[in-house]
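*Asks:* Here are the chains, one letter per residue:
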Amino acid sequence: MPDTAGLVKLPEEMAAALATDDTAKQPFAPTIVAFFCTWCTYTAADMAGLSRMAYSPAIRVVRLMCSGRLDPQFVVAAFRHGADGVLIGGCHPGDCHYQEGNYKALRRVALLRSLLGQLGIEPQRLRLEWISASEGEKVQRVCNEMAEQLRELGPLRLGSQGLQAEQVQNGHQEYLSIDTHDPVEATTP
Amino acid sequence: MTKPKVAFYWCASCGGCEEAVVDLDEDLLAATSLVDVVFWPVALDFKREDVEALEDGELVASFINGAVRTSEQEEMVALLRRKSQAVVAFGSCAVLGGIPGLANLYDREAILSTVYREAPSLEVPATTFPMKQTRVDEGELSLPTLWSSVCTLDDVIDVDYYLPGCAPPPRLIWAALSALVEGRLPEKGAVLAPDVALCSECPLSATKPEKLSVSRFRRPHEFLADPELCLLAQGLVCLGPATRAGCEAVCIAGNMPCTGCMGPTTRVTDYGAKALSGIASLLAADDDADITARTAEIVDPVGTFYRYSLPASLLRQRVGETVGNGAIK
Amino acid sequence: MPNAGPVKVGVYVCHCGLNIASKVDVSQMVAYAATLPGVSVAREYKFMCADPGQELIQQDIKDGLVDRVVVASCSPLMHEATFRRATSAGGISPFLFQMANIREDVAWVTDDRDAATEKAKALVGGAVRRVSEHESFERRYVPVHPEVLVVGGGIAGIHAALVMAEAGKHVYLVEKEATIGGHMARFDKTFPTLDCSACILTPKMSSVRANPNITLWTYSDVESVSGFSGDFVVRVRRRPRYVNEDLCTGCLSCIDACIYKRGRTDDPWNEGLSKRRPIYMAFPQATPSVVVVDPEACVDFRTHKCPRPCVDACERNAMDFDQKPRIEQIKVGAIILATGFHTFDARRIPAYGYDRYPGVYTSLEVERLLNASGPTNGELVMRDGSHPRRVAIVHCVGSRDANTNAYCSRVCCMYSLKLAHLVRERSGAEVTEFYIDLRTPGKGYEEFYEKIQKEGTRFVRGRVAQVTEEDGALVVHATDTILGKVRRVPVDMVILAVGMEPQPDAEDVRRLFNIGCGAEGFFTERHPKLAPVSTFTDGIFLAGACQGPKDIPDTVAQAGAAAAEVLAMVDRGSVEIEPATAFIDAAVCSGCRTCVGMCPFSAISFDAATNVATVNEVLCKGCGTCVAACPSGAAQQRLFTDAEIFAELEGLLYA
Amino acid sequence: MSADIVIDPITRLEGHGRIEIFLDPGGGVNRAYLQIPELRGFEKFAQGRRAEDMPQITSRICGVCPMAHHMAATKALDDLYKVEPPPAGHKIRELAYSTFLVEDHALHFFFLGGPDLLVGPDAPKARRNILGVVDAVGLEVGKEVIGVRRQLRALMTAVAGKSLHPVFGLPGGVARPLSKQDQEESAAAATRAVNFGLFALDAFRKIVLADKAFVDMIMSEAYTHRTYAMGMVDAANRVAFYDGNLRVVKPDGTEFLTFPAREYLDHVAEHVEPWSYMKFSFLKEVGWNGFTDGVESGIYSVAPLARLNVSDGMATPRAQEAYEELFSTLGGKPVHHTLAIHWARLVEMLYGAERMAELAADPEIMNPVVRTVPTAVPREGIGAVEAPRGTLVHHYRSDEAGLITFANLIVATQNNAARIALSVDKAARSLIHNGKADDGLLNRIEMAFRAYDPCMGCATHSLPGQMPLLVEIRDSDGALLGEVRRD
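Chains as they are written, first to last, in the working numbering: chain H, 1 to 189; chain D, 190 to 518; chain G, 519 to 1173; chain B, 1174 to 1660.
Calculated directly from the structure, the hints in this document are not laboratory data. Where hints are given, some of them may not hold.
[What the hints assert, rightly or not] In silico SDA-like cross-links for lysine to any residue, where the CA-CA straight-line distance does not exceed 20 angstroms:
1) G:LYS1068 / G:ASP955
2) D:LYS236 / B:GLY1613
3) B:LYS1316 / B:PHE1372
4) H:LYS138 / H:ARG127
5) D:LYS236 / B:GLY1305
6) D:LYS236 / B:LEU1614
7) B:LYS1353 / D:ASP415
8) G:LYS842 / G:ARG753
9) D:LYS194 / B:GLY1305
10) G:LYS972 / G:GLY946
11) G:LYS694 / G:ASP784
12) B:LYS1316 / D:THR221
13) B:LYS1457 / D:PRO314
14) D:LYS400 / G:PHE1101
15) G:LYS526 / G:SER558
Everything numeric in this text was worked out from a predicted model, so none of it was measured.
I would like the entire structure built from these sequences, with the hints used as guidance.
*Replies:* Pasting the structure below:
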């Protein structure tokens, strides 16, 4: 696959982060990427800030102009880079500053959800919420709720048992035989 | 002066890419006058030791097709990489993982038991399994080790060029071969196919309404599609808008929708997620219930959007137990 | 195209006084930022938005240390513009800049200090990785069409239109009713000066009529708005009056000639207290002074058999029964919305007995009773013809009430005092006002309250529980919180001081002009303190009660402010368009047209000849919906390209 | 200890393979194993796919015979949805399939197995290929070989959408009717194919049959196994490829059983060996008795020679003449000489060409109604065709939404797998003496499997998982001391 956004060939420091699995020691703290639309949910998050409504630090916000800009590629990229959950915030239907962006987001997420389900990604890991500019409290509630759900659900084991770790060393002889680095034993067929 | 040496090799493949080279027909003869094919198991008798006997870098180029799934394949591609100045990932399996890449929907144990445990035609009792090492009276036999997931060629070795397609259109193969011979190959990492989507080449593109919106998705066997009207406009999931051109829309000429074998353009990072976005965005439905009903009409999202590119996707393979409408356990 | 050569990112972490520094270890942040790939400079400062902070940025750029800027501070909605200006002042494109919101999104919402610092690091990591992908482009401007539109002909619309017209701008003033004047035209007096409402309003109304720069379209409403700030295309629907405006002089002889000598339908101008004839003029100083035929009431529209005496009576033969609705299409550079308010429907509080007991009136109805051109020519006569001896005024009806509207309507206390004065003056009746808090915030307001108290109006502090009818009199039940006991005060007349609510059609108007509204339905200003008269939609401004309850002085002040901001825009002659617009690389567009259907603003056009779609970057509002849909990645969005967002994700998740 | 002689990879076939030869102390061959080191798991990842996608997914089992899988899958869908294609749909399918039969047999004779005959088994390694064939038969003939195949593949593209991984197969018919131009091209291609078929037979006579060494080689015991044979026959027991029952004859040529493909599970079973991913089919009624031939061994063969052995003749005149010539030359029915498969292949190529001509001339094929839209709720469907390399069965079950829940594929070369193993082992045993094996000799061993035109890709469409490890610890004279097993 041609190397476009530096995604496929993982640069060194990212590889190191992937390879060293230190989460086993501390209690699992999920990481959630939150795509918020500027006019409604991002503003609501600002409101939550203004009113000092604390919520889980698991949330890391990426601002988009509209939930309509959310490309399903961003969701799978977030999972690929280690996010345990993705939250999408947009305006209530009818309130979109661009009139229809949120409707398009709704369609894409609905289809993406069934695709991710087929790949074994639990539904709680992808969440779409309509949060208007004045609903700071809802930002707090949804973020805390999702962080708690994912804490119980555990980390997203993406490719740890597959070749993922192997590819990190960019494929030469050193990871040849499968037995050494593949803990998966053939269950008695 | 001696002709530049090239090699063709196949990993987890069906031989279709070999057939596509044979399909060069007269050009094949012309090609063999330009280059010296020193390794091509389907058609020539040269063996592995012949390749090992070559100097490093002696091959101008190796055309490697098929996804990589066994240690033997990984050894061969690593060997060919050492022996070649340029390695071309040939065909959707090598570039994206291809249809064998759908095996990434399952873990090995599920596949193993399907083939050697559950098949109804198996000799009873079905206890024997292919073994990595087997003692036989006369000595020991070994089989290559198999990875738990299918990989694309550039997951395993450094790849210089990509020639997508299942199988690559002979016109593009010929263009790649002549570019190689005439030293006109583009910069490293390039995809040797047009970098624009199939609609640019599709004869039905003109019949597509300007503001296309799909009221419901339909499946090819459910109705008689009109061969003169854009298939996507008729509700068939045609992935032409998301798939690279180069094949001159042969499937659509056969009155069937494009299934995306030429893979994404360079500006797309994850083919399936992008194709899904392009299709879902066309849905006319507005309220939740309607949207859920319409999206449920796409009954096999992974099989539809990642048919040729699951190993090249960002998620690469199934993560846990399938949830939702997946029919697999 | 990928940026040339390695980037030099300057990272500036703001303390924001203690807002950030109290929760985020800023020095650790700076140390961490210095380790990030591409970062050449990492600094911290107490107030990055202050001049010294901005100078740090400009100086680093000028010294060639930095060609990309990341500021870790507050929300971009707060100071993105500030820091973009600082970045461009340094000599590079304002868009080679990215903010990391470590105040609203981190410091203010995270209790644990370490967690806050870790999260802040991730956001800065994301911003640095993202800004390295930003491509340089300059601000783009669009000429501003000199003509402007004011929607709503109340005092707000009138004042704004006059200010702009006097500044030499051509103004279209569109009013839904048959006359301008709005609610103010229906009041008798105005507080606190007790000015006669018509006296101070009608001169402005006539100067609107007289001003050559103002095109007045009454009995009309806006049907559609398209285009963008500086170049709106607006279609206005002119409803038929069945009277030719240019000919009618307002002599009213047609009304006298009408076969109906007495009113037939409820006159909304008088809140239904009187009837109006099929052909009518709202009130004597109506502007334009032109009559209107009500097609429901006029018998000719039903039977076509009326001898039409009105036609004969009119020497100017201005009557025109064949008038049809007309659509006018105009081009304007900016739009001021002054669509006003709507009084609370007292029926929604049954306990107060409105519409059940004839003696219960709303304040607006009493305004009409007290008005000389009202149904009773200014005499306080009740529905049953009697003259009330004892009057009660109930405050906060439909305001400061969790069951109806939580907000305070700001004006009811003051107009209640005024009504108390007028009622006493006009009828000598005893007035008791039932209030929770008497709010007199304006200039001269408290003094007016003193005056009313001195006049002998009695005040009971307590919310009225209910109004009942007992042996012919109305009894007002309230707990007197000062005396600490329940009071049951018999009166003849109860006046309900109804609050202010958004217009019933506010939702449609909001969608039409693509602006936001709060939970109560009043239009949302860009910023409650710093930008009260502009909206998030460039080129659309607000004035008056449509933005929230307010009295006439505040309304006029807002109208002036909105007019000033429009004049600034029009005089500048150009307006910066949205930087984050979409664009399509024609060389790689396959003509699949997926994007064309995505754009509600029809900013994307498809050329069948070249089989390529193109974005009109002036019409584009920058939502990016088409970019997410483009199946082959030919469409991208400035400042939100796929590469930028993927980079942000990588930085965000590997911190 | 590992094998003494290794041929890796085996070449001029479809798919991967390796031959490991163990010598006995005297330098003779103790045992030769043909190992197939590759599998992909189609039967597993078919689960969850849309039934109507199976014709395009399973065609990726083999790029040399994609039409075969496409057709078997399409017929399985007809059965799954209980829908019959209209006559025109049926005929268009058969036209495409006959065209494929001709071009694929031509591919094998001139590109894969044939060079050993046309250029000679002992020719130098670099010449034993199509280029060597072109030099041997001359550029003009070489160009005709390539030209005919190009025309046939172009016709398949026109009729089936694509020649390499067709798309036209749908339950109840085909996706697109034939155009006038398609029909004209079919007729032209058919005529050229018939002449080409006759030319190929003639070349075989001149180059192979005229050379006594070849005839002896064909007749030699090294390349002979007396096994059962299986093939599809029409109502008149003539060789059929698109439709018909499966017939099995004993090694002595007498009918053993005839059954509709639907009942394949009652008669065919698969045996597994630990040293190969290939599954070896055998006749259930007879049972698996190891790698031996004869009437007690369930091993059976398929593909051209087997089809001719089970049938009473060919369904077209000229092919029938060639059929009779073959059996009269090689001593009557049934013929058990593996290398005679080459000849049988050419007889079938001629039949395919004649069948193309018949279909191209049939006015019914131009009827625009080419597909019936299915209405039944899908549940289970079995479809079978004769692939160029032998009997091919696709067996699917689906849920009501038409998503595949189960897939079982008995693939052409699997039926031959056991006999191929026998052939390789016997060829090695009879050719290698005192440990000497030069390139030409090893190539003769490879000829033992090439005759079958094996498709390892098809045969190994499955995919194994983690490799269980079996290590046997033996004392010096071979007594088993202990066994370590991890599976």
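*Asks:* Run every hint past the structure and note whether it holds.
*Replies:* Taking the hints in turn, this is what the structure says about them:
1. G:LYS1068 / G:ASP955: Roughly 17 angstroms between the alpha carbons, so the hint for LYS1068 (chain G) and ASP955 (chain G) holds.
2. D:LYS236 / B:GLY1613: holds, 13 angstroms
3. B:LYS1316 / B:PHE1372: It holds: about 14 angstroms lies between the C-alpha atoms, which stays within 20 angstroms.
4. H:LYS138 / H:ARG127: holds, 14 angstroms
5. D:LYS236 / B:GLY1305: Holds, because 17 angstroms separates the two Cα atoms, which is no more than 20 angstroms.
6. D:LYS236 / B:LEU1614: At roughly 15 angstroms apart (the allowed maximum being 20 angstroms), LEU1614 (chain B) and LYS236 (chain D) satisfy the hint.
7. B:LYS1353 / D:ASP415: holds, 18 angstroms
8. G:LYS842 / G:ARG753: Distance of about 16 angstroms is within 20 angstroms: holds.
9. D:LYS194 / B:GLY1305: Holds, at roughly 18 angstroms.
10. G:LYS972 / G:GLY946: Cα-Cα ~15 angstroms, so holds.
11. G:LYS694 / G:ASP784: Holds. LYS694 (chain G) to ASP784 (chain G) sits at ~18 angstroms (cutoff 20 angstroms).
12. B:LYS1316 / D:THR221: holds, 14 angstroms
13. B:LYS1457 / D:PRO314: This hinted pair holds, its Cα atoms lying about 13 angstroms apart.
14. D:LYS400 / G:PHE1101: OK: LYS400 (chain D) and PHE1101 (chain G) at ~18 angstroms, within 20 angstroms.
15. G:LYS526 / G:SER558: Since the Cα atoms of LYS526 (chain G) and SER558 (chain G) sit roughly 5 angstroms apart, the hinted pair holds (cutoff 20 angstroms).
In terms of the numbered hints stated before, the structure departs from none.
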